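> Input sequences plus hints: build the corresponding full structure.
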Amino acid sequence: MTECIGIDAGGTLIKVVYKERDEYLYQTFLSNEVEKLVKWINEWHPNAKLKITGGKQENISKLLHNPHELIDEFEATTIGIKEVLKRAELYLPEKYLLVNVGTGTSIHSMIGENSERLGGSGIGGGTLMGLSYLLTRQKQFEEIMLLAEKGKRTGIDLKVRDIYEGDRSPISGDLTASNFGFLERMTGEELQEDILACLVGMISEAVLMMVMPFAKAIESSTIVFIGSTFHNNALFKKQLQRFEDLFELKLHFPFNGQYSGAHGALLY
554 MTECIGIDAG
564 GTLIKVVYKE
574 RDEYLYQTFL
584 SNEVEKLVKW
594 INEWHPNAKL
604 KITGGKQENI
614 SKLLHNPHEL
624 IDEFEATTIG
634 IKEVLKRAEL
644 YLPEKYLLVN
654 VGTGTSIHSM
664 IGENSERLGG
674 SGIGGGTLMG
684 LSYLLTRQKQ
694 FEEIMLLAEK
704 GKRTGIDLKV
714 RDIYEGDRSP
724 ISGDLTASNF
734 GFLERMTGEE
744 LQEDILACLV
754 GMISEAVLMM
764 VMPFAKAIES
774 STIVFIGSTF
784 HNNALFKKQL
794 QRFEDLFELK
804 LHFPFNGQYS
814 GAHGALLY
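Counting in this note's numbering, the sequence shown tops out at residue 821, every number present.
Derived from the structure by calculation, the hints contain no laboratory data.
Incorrect hints may appear among the rest.
Think about it this way: if two alpha-carbon atoms lie no more than 35 Å apart in a straight line, the pair counts; the simulated DSBU-like pairs of lysine-lysine are [what the hints assert, rightly or not]: (1) 648 - 615; (2) 703 - 615; (3) 589 - 609.
Derived DEER-like restraints, expressed as beta-carbon distance ranges [stated by the list, open to error]: (4) 720 - 742: 23 to 33 Å; (5) 575 - 803: 24 to 34 Å; (6) 616 - 798: 45 to 55 Å; (7) 766 - 805: 17 to 27 Å; (8) 744 - 639: 13 to 23 Å; (9) 643 - 795: 29 to 39 Å.
Since the model is a prediction, treat every value here as computed from it, not as a measurement.
Don't be surprised by glycine CBs; every beta carbon is placed ideally from N, CA and C.
Given below as C-alpha cells:
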C-alpha cells in the first residue's frame, strides 16, 4: 500500500515518485493531463498523502481530495538530487553545480549539506519545443529529437573556421561563431532535421555558457545536469560533452535526474 506520493508539477510535465515494497516507482503525465493524474490517484492511491512541488502545485492541489502538503520547488530539487545520485551510485566532490534544465533552467550550488539557488534562465526545454514548432511545425519531443540526430549544422550555423577561411584562428575553428548565422549559405530550403540540429546546438551551447561562470564562482569543475530535457536525449548530452575537455569540466547526467523534484517532495 502506498502511504505517500511525491509529485513535481512542472510547466511541461508532471513527474510522480512513490514507493511500494521498498521499491521506487515512477509515473509521468503531461501538464495538460491533470485530469488523468487525478483519476490515477483516485483509482490506485485514494488514501495516500500527497507531497506536491513545482510551479503548478497549487492548481493541482485544488483538484485532489487526498491530504496533501506543498513543498518549495527549489528545496525539493536539492533534497531529491541526493537520493538520485545515491541510487545512480554517482559519487561527487563535496562541491558541485546542479543545473535543472526543465521548461526553463535553474542553477544551484551544492556545497556539503548546503544548497543555494544562484540563478536561472528562460532558455530550456520549453524553448526547444516552442522554436521547433515555429521553425518546423514539429510538436512531438521524440520526433524532434529523432530528426535533430539526423541533421547537420553545416551551412546554417556559422563556425569560427568559416570566418577565418583557412587563416590561423585564435580559438578552435569548430566552435560556433553565430548560431543560425551563415546567411550567405542559406537557401530557404533547409531540411527540418538540419534546422532542428542547429536549434539543439544553440540551446545546449547557451545553457553551458550560462552556467560556466557560476561553476567558476563556486570553484568547481563538476556540473550535474538534471531535468526532463535530458530524458532520451542523447544529442543534447553529446552537444554539452563536446566542451568537457576544452573547458576542463566534468559533466554528469544521472539516471532519473528528471525525478529529483518529485523524489525530494516524497522525502521532505
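> A separate judgement is required for each hint: does it hold in the structure or not?
Going down the list of hints, with the structure as the test:
no.: 1; hint: 648 - 615; in the structure: violated (38 Å)
no.: 2; hint: 703 - 615; in the structure: violated (43 Å)
no.: 3; hint: 589 - 609; in the structure: holds (15 Å)
no.: 4; hint: 720 - 742: 23 to 33 Å; in the structure: holds (31 Å)
no.: 5; hint: 575 - 803: 24 to 34 Å; in the structure: holds (32 Å)
no.: 6; hint: 616 - 798: 45 to 55 Å; in the structure: holds (49 Å)
no.: 7; hint: 766 - 805: 17 to 27 Å; in the structure: holds (19 Å)
no.: 8; hint: 744 - 639: 13 to 23 Å; in the structure: violated (43 Å)
no.: 9; hint: 643 - 795: 29 to 39 Å; in the structure: violated (21 Å)
The structure is inconsistent with the numbered hints 1, 2, 8, 9, although it conforms to all the rest.
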